[in-house]
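Chemist: Chain E: place on chain C using the hints.
2 protein chains.
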Amino acid sequence: MTTPDTGRPLSHWAWGYADRFPDRAAREALAQQLTLFLGLEHLPVREPVALENAHLPSPRVPVPAVLADICTEAPAARAQRCYGRSFPDMLRGFLGDFAAAPDLVCLPRTEAEVVDALRWAQAAGVAVVPYGGGTSVVRGVECDGAGFTGVMCLDMRGLHRVLSVDRASLSACIQAGATGPVLEAQLAEHGLTLRHYPQSFEFSTLGGWIATRAGGHFATLYTHIDDLVQAVRMVTPAGVWQSRRLPGSGAGPDPDRLVLGSEGAFGVITEAWMRVRPRPVFRSSVTLSFPDLMAAADAARRVVQAGLHPSNCRVLDPREARLHAVSFDGDALLLLGFESADHPQVPLLEEALRVGRDAGGTIKDGPRHREGERDRGGAAGSWRQAFIDTPYLFGALVSLDLVADTFETACTWDRFPDLHEAVVKATRGAMKAACGKGLLTTRFTHVYPDGPAPYYTFIAPGRPGERAAQWAAIKAAATEAILAGGGTITHHHAVGRTHRAGYAKERPQPMGAVLRAVKHQLDPAGILNPGVLFDGEG
Amino acid sequence: MTTPDTGRPLSHWAWGYADRFPDRAAREALAQQLTLFLGLEHLPVREPVALENAHLPSPRVPVPAVLADICTEAPAARAQRCYGRSFPDMLRGFLGDFAAAPDLVCLPRTEAEVVDALRWAQAAGVAVVPYGGGTSVVRGVECDGAGFTGVMCLDMRGLHRVLSVDRASLSACIQAGATGPVLEAQLAEHGLTLRHYPQSFEFSTLGGWIATRAGGHFATLYTHIDDLVQAVRMVTPAGVWQSRRLPGSGAGPDPDRLVLGSEGAFGVITEAWMRVRPRPVFRSSVTLSFPDLMAAADAARRVVQAGLHPSNCRVLDPREARLHAVSFDGDALLLLGFESADHPQVPLLEEALRVGRDAGGTIKDGPRHREGERDRGGAAGSWRQAFIDTPYLFGALVSLDLVADTFETACTWDRFPDLHEAVVKATRGAMKAACGKGLLTTRFTHVYPDGPAPYYTFIAPGRPGERAAQWAAIKAAATEAILAGGGTITHHHAVGRTHRAGYAKERPQPMGAVLRAVKHQLDPAGILNPGVLFDGEG
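Protein chains in written order, with this note's numbering: chain C, 1 to 538; chain E, 1 to 538.
With the rest of the complex left out, here is chain C (with noise of 0.2 Å):
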């Protein structure tokens, strides 16, 4: 399989393109590396199943007649859009299991395409998963089609042109199957940008960034694709789903926040206006050091409590500093940027630095003031290119019998110190008690005014045959510990299947029954991604 845009050939298996899967010489690096860190005598290098030796199971439905022009049941098809990207995910496709790959792989190139193939779907009784760069980390597109005569993959790449752009309102309509690299292309022939940066960004759509409430660039303020959305276009089966373009309405309940997080279940998103700018040309950051997580996250909340709004206010603890090579002196750390298409940030950066400093921080990196080209040097800098490569080599962690993951949340101020130690200890003790040891980081990836998203990292040492194991407990300790201190089940790695049961603890009690009645009006027969943020049951 190739991506529709670059025709670059991906990974059946593991995240993103398979020439970027490091090769044994890299892997055998790392896990020198690893053996260091997580005090281990040794990590054995071993390769994935090849996809022609891997189980997939025949398709329980043929092509359809009419959709064959559209549709195939290729195995590295059907294979390479079996799971999203999540470790687990990885582990079984590294072991050649593919056992819920979908019965076929449908790529409509227009949205009357859409309407086809849900019309025949809902016919046949065939399963439709609504499917953008298959990034999932929470089983957002891994149906096993109980209940259906088969399952349906709807890869929506092919819808992937900006179809228009008003300039007066910076606004730029996108079709949803436009990847992030896809639509940057096209808007920045308009010297626009959505700038919306999700770890995902070379393989996640527009259309999945919607449906799953993504995070992006900004840590502050405009954090998730919700409030860059102006109106969202939605196939259901029940009719077309169109919000009007407003910037603004207080005209009943916001119609696209129904569609924001419905992770395909409500329908498939075919397009978005979406709120852009011009690109960035001042900026300026600086990168403070602390001695501890709490005290570069209490300078972090004093930042934007102070009603500045960096775009970048990235908190590491001193082990995510030192797993991303960022920093080795034992410190936090906290990483603030401003940008602006207009006007330069000096005068922002001083406040935010005071802050900082008045907090208790001293200058690590910076502060750097850039006019033009981007900066890519210092702290921040590292940082950056480390979140493009970190899914990569977690592709390459399974290839070492290690279990590994990260887990994410926010949580109000006042409750995430005591939130923190329990998730530390649960994680910790889980670790313990599957893999007999193990390493925890800790960052924030967006910061508000009444509270942190904090984000961790876990990697242990796996046995072989036990690892899916090792992982769900420490998983479901990470879980219950986030829920318990009142933390959300996801700040911006959705609900899907993995993360249902906290979903349904976490959202008021009568909103299951809400969410399945708003389904049967909009998809009477089910068929739209079922078991996805909620099971059939009432």
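If you are wondering where the hints come from, they were derived from the structure by calculation, not from laboratory data.
Which copy? The list can't say, so a pair holds if one copy fits it or any two copies do.
Listed next, the in silico SDA-like pairs over lysine to any residue satisfying Cα-Cα at most 25 Å (straight line): (1) Lys437 - Asp329; (2) Lys505 - Ala231; (3) Lys505 - Ala517; (4) Lys364 - Asp292.
Modeler: Only chain E this time, still in chain C's reference frame:
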């Protein structure tokens, strides 16, 4: 009737405090001034029908024994809560017509009593209108009770306490019945403020703001109450809808966004955790002149698109500036203000001033920079006083045989010039046809990077006995022009019953059935504010 907080009597038909209704001399002076503005010969000054001579139907249901402690059928209580405070509402009240009065008024003091009231009403087949300040201008609290045995007004103002303050997270848990001054006084004890100042601030309540997605103090960024809500608690016949306190989340569709804008149709909001902030210390403001509205609008667009977030960014057309006695020079104005509790706003004001001058603006007043005390001077100060006084003015207009109202919308910048031209043409045409002539003024209440929220005021000579029809003709023409021009039926006045037909045209086609399905889940007997947002038909 008196307000629960001040004990000061409220008018039974006009805006706000009874003693603030302009006396005869003041209204004679106003009549004098308006004959000039409107080019009329004379405006008679009439007196409202006294409550004891008004038409108020007998209650259809007796006060139930189980709610005897908290219910009343006193005529004054029922008349005062019969209508909202739009022009046609006040016109009916002025004429002594209280045909739509609720049968009984319930004044719960606790959430348990709210639950009791709903339980009784559901069993008795009585419709329930959740009620805050009663300041709706869209018939949001007027329910005829068709199909029910009666109507209960559920006045929430007995629940008016700030229950908890979390200083670390800048959050406060506030009961839904607290009015603006009542909640601000309690927050002030902690040096905090919600900083939400709709024009109805003195009387409207937190619950009403949330239910109607009220527009507030900030002209940019935090424009609607939506963005200040951290978590909501809503009592529904299907159970308590309580969202988790979170600074942000990506877990499914946002539960709070389904409550925001629900206008009492899904449940009774009893309390909410709100995002609060320290009281501002640093204020910078400037007023710029432009030759006309479009030039001032363009400057406002450039300011917000530059990524500046002024707390005040009001545009006044020359007529609006004259009507509110801010300027008599025939120029359009742009009022800009920045505020912060943490740092001086001089650099931000200077950037905005640069942008405004580049757009052709000249300084009319300021710049002013203040630290500490509130700035009440200059054009912005005159404007603020007029803002607070205007609703009282409309009560006076009712007594002068005039037809008047305000209406508002929001649209993208690309559509604004055509929409504005069409609205002006349609409204002036309708005033000419219905009234012979009339005055129309325009301002922006809120401004977004992707579009403005224009706000219109009209005043025209009315004919006794025909004013309701004259108003309806003008309102219909304006509404049609707004919807045809791509605007929203309401930016912050809500849907209520007045905008129900327009809202049906604006929202996504399948959304009507979805709203009914949500209501059916939460309020299976359909007792909650029936007729608001949508009618009962499929």
